[in-house]
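Student: Keeping the supplied structure of chain U fixed, place chain E upon it in accordance with the hints.
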Amino acid sequence: MIQVILPAHLRALAHTGGEIRLEVDGQVTQRSVLDALEACYPVLRGTIRDHVTQERRPFLRFFACQEDWSHELPDAPLPDPVATGVEPFLIVGAIAGG
Amino acid sequence: MSKVRVLVGTRKGAFILTADGKREQWDISGPHFAGWELYHIKGSPADPNRLYASQSSGWFGQLIQRSNDGGKTWEAVGNKFVYDGVPGTHQWYDGTAHPWEFKRVWHLEPSLTDPDSVYAGVEDAALFHSADGGQMWQELSGLRGHGTGPHWQPGAGGMCLHTILLDPSDPGRIYIAISAAGAFRTDDGGKTWRPINRGLRSQYIPDPTAEVGHCVHRIAMHRSRPGVLFMQKHWDVMRSDNAGDSWEEVSGNLPTDFGFVIDVHAHEPETIFVVPIKSDSEHFPPEGKLCVYRSRTGGYEWEALTKGLPQRDCYVNVLRDAMAVDSLDSCGVYFGTTGGQVYASANAGNRWAPIVPDLPAVLSVEVQTLQ
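Protein chains in written order, with the numbering used here: chain U, 1 to 98; chain E, 1001 to 1371.
FYI, nobody ran anything at the bench for these hints, they're computed from the structure. We put the beta carbon where it would ideally sit given N, CA and C, even for glycine. Heads up, some of the hints might be wrong.
Sample of chain U residues with no beta-carbon within 10 Å of chain E, all distances over it, derived [stated by the list, open to error]:
no. : residue
1   : LEU13
2   : LEU22
3   : SER32
4   : ASP35
5   : ASP50
6   : PHE63
7   : ALA64
8   : GLU67
9   : ASP75
10  : ASP80
11  : GLY93
Short, incomplete list of chain U residues facing chain E, as computed with Cβ under 7 Å [stated by the list, open to error]:
no. : residue
12  : VAL43
13  : HIS51
14  : VAL52
15  : PHE59
Here are the computed distance ranges between Cβ atoms for each label pair [claimed, not checked]:
no. : chain 1 : residue 1 : chain 2 : residue 2 : range
16  : U       : ALA12     : E       : PRO1099   : 31 to 37 Å
17  : E       : ARG1312   : U       : GLN54     : 52 to 58 Å
18  : U       : GLU19     : E       : GLU1282   : 47 to 53 Å
19  : U       : PRO79     : E       : PRO1171   : 56 to 62 Å
20  : E       : VAL1082   : U       : GLN66     : 52 to 58 Å
21  : E       : ARG1312   : U       : PHE59     : 24 to 30 Å
22  : U       : PHE59     : E       : ARG1194   : 28 to 34 Å
23  : U       : PHE63     : E       : ARG1225   : 55 to 61 Å
24  : E       : THR1096   : U       : ALA12     : 35 to 41 Å
25  : U       : ALA76     : E       : GLU1282   : 49 to 55 Å
Just chain U, with the same shape it has in the complex (with noise of 0.2 Å):
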């Protein structure tokens, strides 16, 4: 089971609690986690990622392992603590804006 932890806000939006675990099929990448978690919680679609271009929204980044992956390619695979699911893979708002 992957662990991922949502921003406050995105775990309002999907009426959970802090952390999230997963059941991902195939490699554990970005884009299989993110399927996998817009699959269980329908309402998080286009919040994360653009619903056309797929792509991060700006003020988004994803961190795993004390590693910033927000710009590693979507498929490239994510560290095997979080594909085992011993670390969780993070979903951090920027602190920007008021």
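Tutor: Chain E only, in chain U's frame:
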């Protein structure tokens, strides 16, 4: 007994204010969607408990919320706004071509007859429609594609389609307005459109009388006379007596004719309200005195309505969607400010009082009159 429900969108959430017909004691509900921008909330005329809300944020984009119980509970519905076909380009601030990009929904206009039918005015300017209660959205692309679209240019607030007026006497007729392209009308339900800006003069564009390019801030109509329109342009208050085919200036004795809001009395089609703002660079009332101006003659002659409004040191703005009227026998008028006040008058503006003084900056105010 009648009551009113005021739907307030703010920079940091939505608030619902309710009162009985006396409009003296108010119940405040909210914030709903705390922390999000609520550009607009509006109820269906066909089912007052059906509400639609535009919820957005710079982080998470656009959501549409729907309520079936007057705002007690909400559910997120469709948020996929995709332009029809290849979107093409409009002009950027510097005059270069810029691709059409969806940013947010500014205004939601439910159908007059069908609670599941609702229009959305978006930035970058386009009109969308949903026939299934907001689940799926389709662009009415005849507007953006009618010919002048590549010449449209954003105003300072973005290139937003902010006004949607549905003609109660003609289901095919819709008026919309875009900042800073101007006003447009369809007579066939949105298939074809034409600019309706003849008579507007805007000194800030190369050709002051151009077909498009005018920064229209708001248009209002009275249900009983849908061919008579009132407009608050960037500068100038205007009226049209022929469904927008031509306009004449009715600013008259206003202290400044810059402003954002304009609305019409529920029972007196020639009584209109504006809030003059000092200028396009000084977005606050002249002399720090907040005044609503009322004309009982459809423009030209205006009277200041000041009782109950701050008459010193007031430097707030009133944004384009932040005024509304109820339809009780004694017409109520409501407006919200960027300082977070929502003011109400139960007597057509003669006397005002704040319903609530300290909300986040108010983006929109709508009112429902309930039986």
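Student: None of the hints should be skipped; say for each whether it holds.
Tutor: Each hint tested on the structure:
1. LEU13: violated, 7 Å
2. LEU22: holds, 19 Å
3. SER32: holds, 21 Å
4. ASP35: Holds, since 16 Å exceeds 10 Å.
5. ASP50: violated, 8 Å
6. PHE63: Answer for PHE63 of chain U: holds, closest chain E Cβ roughly 15 Å.
7. ALA64: Answer for ALA64 of chain U: holds, closest chain E Cβ roughly 19 Å.
8. GLU67: holds, 21 Å
9. ASP75: Non-interface label on ASP75 of chain U holds, nearest chain E Cβ at 23 Å vs cutoff 10 Å.
10. ASP80: ASP80 of chain U is indeed farther than 10 Å from all Cβ atoms of chain E, at 29 Å.
11. GLY93: violated, 5 Å
12. VAL43: holds, 5 Å
13. HIS51: holds, 5 Å
14. VAL52: holds, 6 Å
15. PHE59: holds, 4 Å
16. U:ALA12 / E:PRO1099: 31 to 37 Å: Taking Cβ atoms as reference, ALA12 of chain U and PRO1099 of chain E lie about 33 Å apart, which means the hint holds.
17. E:ARG1312 / U:GLN54: 52 to 58 Å: holds, 54 Å
18. U:GLU19 / E:GLU1282: 47 to 53 Å: Given range 47 to 53 Å: holds, Cβ gap about 49 Å.
19. U:PRO79 / E:PRO1171: 56 to 62 Å: Once the Cβ atoms are compared, 58 Å apart, the range 56 to 62 Å for PRO1171 of chain E and PRO79 of chain U holds.
20. E:VAL1082 / U:GLN66: 52 to 58 Å: Cβ of VAL1082 of chain E to Cβ of GLN66 of chain U: about 37 Å, so the range 52 to 58 Å is violated.
21. E:ARG1312 / U:PHE59: 24 to 30 Å: With a Cβ separation near 40 Å, ARG1312 of chain E and PHE59 of chain U fall outside 24 to 30 Å, so the hint is violated.
22. U:PHE59 / E:ARG1194: 28 to 34 Å: Taking Cβ atoms as reference, PHE59 of chain U and ARG1194 of chain E lie about 39 Å apart, which means the hint is violated.
23. U:PHE63 / E:ARG1225: 55 to 61 Å: holds, 59 Å
24. E:THR1096 / U:ALA12: 35 to 41 Å: holds, 40 Å
25. U:ALA76 / E:GLU1282: 49 to 55 Å: At roughly 51 Å between Cβ atoms, GLU1282 of chain E and ALA76 of chain U fall inside 49 to 55 Å, so the hint holds.
Taken one by one, the earlier hints fail for this structure at numbers 1, 5, 11, 20, 21 and 22, listed in ascending order.
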